Amino acid sequence: MLVLFHQLGMWLMHMMQWPIPGGVAGMVLLFLSLLLFKKPPTVIAAGSGFLLKYLALLFVPAGVGIMLLFDLLANEWLAMLVSMVLSTVISLVVTGLLLQRMVKKTNGSTQS
Amino acid sequence: MSVVFNQLISFLQSNPWLGLCMTLGVYYLAHVLYQKCGQQPLLHPVLTSIIVIIAGLVAAGFDYQQYMVGGQLIHFFLGPATVALAYPLYQNLDLIKQMWLPILVTVVVGVLVGATGAVGLAQLLDASHATQMSLAPKSVTTPVAIVVSEQLGGIQALTAGFVIITGVVGAMCGSLIFKWLGIEDPKIKGIAMGVSAHGVGTARALQIHPVMGAFSGLGMALSAMLIAFILPPWMHLLGWT
Numbered sequence: 000m001l002v003l004f005h006q007l008g009m010w011l012m013h014m015m016q017w018p019i020p021g022g023v024a025g026m027v028l029l030f031l032s033l034l035l036f037k038k039p040p041t042v043i044a045a046g047s048g049f050l051l052k053y054l055a056l057l058f059v060p061a062g063v064g065i066m067l068l069f070d071l072l073a074n075e076w077l078a079m080l081v082s083m084v085l086s087t088v089i090s091l092v093v094t095g096l097l098l099q100r101m102v103k104k105t106n107g108s109t110q111s
Numbered sequence: 000m001s002v003v004f005n006q007l008i009s010f011l012q013s014n015p016w017l018g019l020c021m022t023l024g025v026y027y028l029a030h031v032l033y034q035k036c037g038q039q040p041l042l043h044p045v046l047t048s049i050i051v052i053i054a055g056l057v058a059a060g061f062d063y064q065q066y067m068v069g070g071q072l073i074h075f076f077l078g079p080a081t082v083a084l085a086y087p088l089y090q091n092l093d094l095i096k097q098m099w100l101p102i103l104v105t106v107v108v109g110v111l112v113g114a115t116g117a118v119g120l121a122q123l124l125d126a127s128h129a130t131q132m133s134l135a136p137k138s139v140t141t142p143v144a145i146v147v148s149e150q151l152g153g154i155q156a157l158t159a160g161f162v163i164i165t166g167v168v169g170a171m172c173g174s175l176i177f178k179w180l181g182i183e184d185p186k187i188k189g190i191a192m193g194v195s196a197h198g199v200g201t202a203r204a205l206q207i208h209p210v211m212g213a214f215s216g217l218g219m220a221l222s223a224m225l226i227a228f229i230l231p232p233w234m235h236l237l238g239w240t
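As given, the protein sequences belong to chains A and B, one line each in that order. Using numbering that gives the first Met the number 0, the first residue of the first sequence is number 0, and each one after it goes up by one. Using numbering that gives the first Met the number 0, the first residue of the second sequence is number 0, and each one after it goes up by one.
Hints in this document: simulated from the structure, not taken from any laboratory. Since this is a predicted model, take the numbers as computed values, not measurements. Treat each hint with caution, since some may be false.
[What the hints assert, rightly or not] Cross-link-like lysine to aspartate or glutamate pairs, in silico, EDC-like; alpha carbons within 20 Å at most: (1) A:Lys103 <-> B:Asp184; (2) A:Lys103 <-> B:Glu183; (3) A:Lys103 <-> B:Glu149; (4) A:Lys104 <-> B:Asp184; (5) B:Lys96 <-> B:Asp184; (6) A:Lys104 <-> B:Glu183.
[Stated by the list, open to error] Covered stretches of chain A, going by a simulated chain B footprint (3 or more residues, C-beta under 8 Å): (7) 58 to 67; (8) 71 to 77; (9) 93 to 103.
[To be verified] Pair ranges (Cβ atoms, derived): (10) B:Gln71 <-> A:Ser32: 26 to 32 Å; (11) B:Cys20 <-> A:Arg100: 47 to 53 Å; (12) B:Gly238 <-> A:Leu35: 43 to 49 Å; (13) A:Ser32 <-> B:Gly238: 27 to 33 Å; (14) A:Arg100 <-> B:Ser127: 34 to 40 Å; (15) B:Cys20 <-> A:Ala73: 27 to 33 Å.
Glycine is no exception: its CB is placed at the ideal position from the N, C-alpha and C atoms.
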């Protein structure tokens, strides 16, 4: 079922020439269909639960692909690592604080 | 003895069991280790598995193609798993409705800040232009990131590597940073995690709290959808492309 939505998403994006992968498009499609039908079938619930439980595992094969890049990494690995780690930390801090501030503001205005 | 060993090697080279069993086995052990050590961030199972598998492949003389014969059987499920993220999203629909505008603003800012920070730092550290452009889309999920990377003039394979490492870094540091900033709301933590560390972060968020997982999935999906439209113009504006 989920595979079906994935394929549908890939096909749709291919048709529309949008640079959005099938997975994300399929996710939007599934979300819209869940909104439409209200009660999700148990197949979806069970399948989603199973896949999401092992989500981290699914990234391992792609990560092993880093081994193809050893030559490229040799020269600039320090610059790459520093910018990756710091920018990820910056991104976590900025998004976390920004959202917290905005949520507090909206809550405050509705309460007062 | 060595004849048997050589036969075993040549059998494994063309067989999906190598990549499949290796990935499952190593990941299982990495996960057990991670749990035993009280979820120490540096021992994130994705990171340890990748390192152990690469070391094993190099030591045994296998290349990536041989590994991926089996590895792709696992890799294939990444697409359907991304689709599956819609389900927790649907379950938390009411929560999302309450705060959709702050979420949207945060995702847009997060995408731009993450990319600008990475490219800016790489510039300061004298990385090549191709490296800088490969870094820009590193916070979104792999299939989107490589498309955007190509658009900007980066190297796709390099971006794929950056994306995974970024995800692992985010998943590793996320909880520490949120504790340090005093952010406790799982909705906020989830969005920040999804925007900064895409699927790997979302996988971590799902382990911590189901609501955090759902919002992380939302953050990841929104940034993946928006980045193709907002990042290339933004880079152009800064004169970095």
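- Message: Can you confirm whether the C-alpha distance between Lys96 of chain B and Asp184 of chain B stays at or below 20 Å?
- Response: holds, 16 Å
- Given the range 27 to 33 Å, decide if the beta-carbon distance of Cys20 of chain B to Ala73 of chain A lies inside it. holds, 31 Å
- State whether the coverage of the stretch 71 to 77 of chain A by chain B holds or is violated, taking the criterion as 3 or more residues with Cβ-Cβ distances under 8 Å. Our answer is that it holds, as 4 residues pass the Cβ test (under 8 Å) against chain B, meeting three.
- Given a hinted range of 43 to 49 Å, is it respected by the beta-carbon distance of Gly238 of chain B and Leu35 of chain A? Holds, at about 45 Å.
- Message: Check whether the Cα positions of Lys103 of chain A and Asp184 of chain B lie no farther apart than 20 Å.
- Response: Distance ~11 Å between Lys103 of chain A and Asp184 of chain B Cα, so the pair holds.
- Message: A range of 26 to 32 Å was offered for this pair. Does it hold for the Cβ distance of Gln71 of chain B and Ser32 of chain A?
- Response: holds, 28 Å
- Query: Is Lys103 of chain A close enough to Glu149 of chain B, meaning Cα to Cα at most 20 Å?
  - Reply: violated, 39 Å
- Task: Between the stretch 58 to 67 of chain A and chain B, see if three or more residues pass the 8 Å beta-carbon test, and mark the coverage as holds or violated.
- Result: holds (count 10)
- Item | Hint check for Arg100 of chain A and Cys20 of chain B - Cβ pair distance inside 47 to 53 Å | Once the Cβ atoms are compared, 48 Å apart, the range 47 to 53 Å for Arg100 of chain A and Cys20 of chain B holds.
- Query: Is 34 to 40 Å right for how far apart the beta carbons of Arg100 of chain A and Ser127 of chain B are?
  - Reply: Hint holds: Cβ distance 37 Å, inside 34 to 40 Å.
- Query: Does the Cβ pair Ser32 of chain A, Gly238 of chain B satisfy 27 to 33 Å?
  - Reply: violated, 43 Å
- Starting from Lys104 of chain A, check that the Cα of Glu183 of chain B is at most 20 Å away, please. holds, 16 Å
Going down the numbered hints, you'll see the structure goes against 3 and 13, while the others check out.
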